[in-house]
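**Q** Position chain B relative to chain A; hints supplied.
Number of protein chains: 2
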Amino acid sequence: MMRKLVAGIDIGGTTTSYVLADSEGNVLADGTMPTCGFGSFDEYASVLALRIKELSESLGSVHSLVAAGAGAPSVDFAAGEIVSAPNLPWKGRLPLSGLLSEYLGGIPVCADNDANAAALGEMMFGGACGMKNFLMITLGTGVGCGIVAGGEIVHGERGMAGEFGHMAYERHGGRQCGCGRKGCLEAYVSAKGMVRTLSALMAETHEDSEFRNLPFNAIDASDIASAASRGDRLALETFRITGRILGEAVADAVAFADPQAVFFFGGPTASGDLLMSPLREAFRSSAGPLWKDNVILELSSVDAGRAAVLGAAAMAWKKHSMRPHIGEN
Amino acid sequence: MMRKLVAGIDIGGTTTSYVLADSEGNVLADGTMPTCGFGSFDEYASVLALRIKELSESLGSVHSLVAAGAGAPSVDFAAGEIVSAPNLPWKGRLPLSGLLSEYLGGIPVCADNDANAAALGEMMFGGACGMKNFLMITLGTGVGCGIVAGGEIVHGERGMAGEFGHMAYERHGGRQCGCGRKGCLEAYVSAKGMVRTLSALMAETHEDSEFRNLPFNAIDASDIASAASRGDRLALETFRITGRILGEAVADAVAFADPQAVFFFGGPTASGDLLMSPLREAFRSSAGPLWKDNVILELSSVDAGRAAVLGAAAMAWKKHSMRPHIGEN
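In order, the protein sequences belong to chains A and B.
Sequence positions in the first sequence follow our numbering and run 1 to 329.
Sequence positions in the second sequence follow our numbering and run 1 to 329.
Just chain A, same shape as in the assembly (with noise of 0.2 Å):
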């Protein structure tokens, strides 16, 4: 009999991951590819393409891909598309589910913000089982939040709701944002907002930092995390500034969305306490009476990171569902 299977994809700023998954969400094979360095988005999307298909063949005739489902930035859910997402190298909108259909075969595939997929595994498969009111936050080169209120994803008149890294944090003056504006939450949260947290230390103190000898661009959020946990002042001093804005920042959200719980995740959430404990004091001190003792802030508990992926493999078994099943094998 063949097995079927969907593969579940997330698209960052940096990397896209992969997962080849079946209906129980577990892992049977994945993969990473660099999000950028090709002639356009047609090119990239006939790459992954092809990516997922040699993974899937890699697993043997048994197997039978059957759906896709792909997290990715600024995606208007209903029609599929990324919609002019600053924090990836192509502008306006992107056919994202149409173009991979096409290159796997006229398999269904469907996408939603990386967010709401992000939610939406940990709602199947992490800290959130159970859970009707809560936001996922996602931190990496974009900064977004998956609203789930009465059980459902908030998607939004565009199916552009969550986009918290817009969010004001800096009303006047604030730094400048790849979206055009400036003093949104992303450009100080963000991997590359912490970077930007790390040179205004570097500009502000005396204090010594390994960073000193590096250029701007030669250093990612990653690369503060390492230093950090070797004791680099300057450092420390960036994860505890991003905590206490994310925090505040969360406090914001949570009166306007009133979660049960709030979940983190992608990269600088790997460096754990550092973040959360600065996190939680900030949450603590800036939310109202009703929330600051009674709001749960974690990391994402789906194993090894893959609350999107898996999110996303989850969409594609439920577009799988709901498709006629006539001729399939």
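It should be emphasised that the hints constitute simulated quantities derived from the structure, not laboratory data.
Zero decoy hints are in this set.
Straight line, CA to CA, 20 Å or less: simulated DMTMM-like cross-link-like pairs of lysine to aspartate or glutamate:
hint	chain 1	residue 1	chain 2	residue 2
1	A	Lys182	B	Glu170
2	A	Lys182	B	Glu248
3	B	Lys53	B	Asp30
4	A	Lys182	B	Glu281
5	B	Lys182	A	Glu281
6	B	Lys292	A	Asp76
7	B	Lys91	B	Asp42
8	B	Lys132	A	Asp76
9	A	Lys182	B	Asp293
10	B	Lys318	B	Glu81
11	B	Lys132	A	Glu152
12	B	Lys292	A	Glu170
13	A	Lys4	A	Glu54
14	B	Lys182	A	Glu170
15	B	Lys182	B	Glu248
16	B	Lys182	A	Asp293
17	A	Lys292	B	Asp76
18	B	Lys53	B	Glu102
19	A	Lys132	B	Glu152
20	B	Lys318	B	Glu24
21	B	Lys91	B	Glu81
22	A	Lys292	B	Glu170
23	B	Lys182	A	Glu248
24	A	Lys132	B	Asp76
**A** Structure of chain B alone, referenced to chain A:
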């Protein structure tokens, strides 16, 4: 034949409004009473119930009051209780539905956040007819927000979603708020927030104003509206600042919820474009490219500012219809 009626109630920080309405939302009678000046919440609830009973009796014995719905600040929807509302004279949890039901002879009573009631009223009888994703912002003693996503009111885990007035407008060194923190939006754009802005303008400028001869505590937002209509420059500037701050804050709420429209309801909205022009202008400069020209920003279009009481009446009809109709007239 008995004609069934429900009571719709809107409990504001200063005034309580109520209507008796039929199932089509026609108002047969209405009234107001002060919210403050009672010895206890129990006394307030008994007087409110008496007023409603007398109003109902004044319509003649052909009418029968079958249910009531109440909108109030900080209501826990599931419990029907007001939960430590900073803008009401009573503290702690107040059994709103329970007491009103008792004093109204045991008819079913439901309660929700006033902003949710107003959102429901706008959806049933106003500009949000047919909309699935919109926000209803209520301005008055407090500042609230009803969130409708996918056609449903977002209540949140504790029934407290939409605490828009307690999101940070100024993160550091902002105005004291009634909730005990600093910088909340409510400290800037509530009725008292407008008086505070006027007071700050008197401090910062030499501009003449009729308010320079009045004590702070003698001024309310409606005085500022009247003075603005007479051309008082500081009153006009107060509206410009209030509209601008609201527009900036609404841009953040829109990035989070991605609504089709945002409606505005409550006292200061009676001044129309004095508030809405700077609000729209600030929204256009603050909102992201997806939203700046694509979100409807309008005053509530329910007659005579009745979105909240009519929404509360609609809740009452819903509650009535869910009750087993045994032994009823």
